[in-house]
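Undergrad: Sequence:
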Amino acid sequence: MRKPCCDKQDTNKGAWSKQEDQKLIDYIRRHGEGCWRTLPQAAGLLRCGKSCRLRWINYLRPDLKRGNFAEDEEDLIIKLHALLGNRWSLIAGRLPGRTDNEVKNYWNSHLRRKLMNMGIDPNNHRLNQSLTRSQNLGTSGSATSSASKDRASQPMKTKGDHNDQVSDAGSCLEDATCGLPDLNLDLKITIPSPSIAISEEERKLNDESTISRDLECALISTSPTLLLFR
DNA sequence: AATACGATCAACCGCCAAGTG
DNA sequence: ACACTTGGCGGTTGATCGTAT
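Note that my numbering numbers the first sequence so that position 133 is 133, with each residue one more than the last.
Hints may be right or wrong, so weigh each one.
To be verified - Calculated cross-link-like contacts (lysine to aspartate or glutamate; reagent style EDC-like; alpha-carbon spacing at most 20 Å):
1. K65 x D21
2. K104 x D63
3. K18 x D63
4. K114 x E71
What the hints assert, rightly or not - FRET-style restraints, in silico, Cβ to Cβ:
5. G34 x E71: 20 to 28 Å
6. A70 x R30: 30 to 38 Å
7. S17 x H110: 22 to 30 Å
8. D63 x R37: 32 to 40 Å
9. D63 x N105: 17 to 25 Å
10. C35 x K104: 23 to 31 Å
11. S109 x L64: 14 to 22 Å
12. E71 x K104: 16 to 24 Å
13. A42 x H110: 17 to 25 Å
14. K114 x K13: 14 to 22 Å
15. Q19 x R61: 12 to 20 Å
16. N12 x S109: 20 to 28 Å
17. P62 x S17: 14 to 22 Å
It is worth saying that the hints were derived from the structure and are not from the lab.
Glycine is no exception: its CB is placed at the ideal position from the N, C-alpha and C atoms.
From just these sequences and the hints, can you work out the full model?
TA: Structure below.
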C-alpha cells in the first residue's frame, strides 16, 4: 500500500485563495524553495506539499511569462514535440518563462487541433493519410474533431513508452517519405534567448545525452531531418 | 432567457527516479 | 543491497467561461 504524500484529511483542495498565495510567496521569499513536504506547515498553509510546489512553479514564480503564446513559441513547441514527444518539462525548459503545465495545456487545446487542421497527426507528426492533398493545403475548416474526442481516441502511454514516442516522432522526421506540408518552420530564427536557454537546459539534460544530442543537432539546424519542415 | 455544448486551464493523482541512511 | 523519502513528471479531471441553439 502506497503512502499518501501528505495527510490528506487536514489539507485544502481546489483553487488557491489570494491569502494562500500570499503566504506561499512570503514564505519562499524568506526561506527559498525546497523541502516541499515541510513547507506547508512552516508557512501556515493547509495544503499538500506537492500542491504548494505546483502552485509556485506554475503560477507564482516571479519569472513566469503569462499571456498568449507568440507565434515563434508555437513553432518551437511543435518542433520540440516532434523531437521529444510529450516531454513537457523538457519542451518548457526551452521556452523561458513557460511551464510544463502551460505548454501541455496549450498543446492539448490549441496546437493539436492546429496540426490536425493542417492534416498532420499530432501524435507522430505524420501527414494524415485520410485527408486529401487539397484539404491539407487548402481550407482548414473541414476538421471537426474536438480536443476531448482526440484525447479519448489517443492511446494511453505509460512512462516507459516515452522513448517509443520520441523515436516514433523522430522516425517521422527521419523518414523522407512522410510528406509534411510546407510549415515554414525554421528553428534557427525561433529560439528565444538561445544561449541562455540552451546552456541552462544543457546542465539539466546531462543524463539524457542522447536526446540532448539529437535536440542540439536539430536546433543547430544542420540536421537534414529538419529540412522536411521547410 | 435558458440551457446545452465545447474549449480552456488550474489543480490533482499516481507513478517513477534520485537521494539518503 | 535495501527500504524509505522526496521531488518531479505526465496524464487526467473538473470548474468555469464563452458560444451556439
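Undergrad: Need the list of violated hint numbers for this structure, in ascending order.
TA: 5, 8, 13, 14
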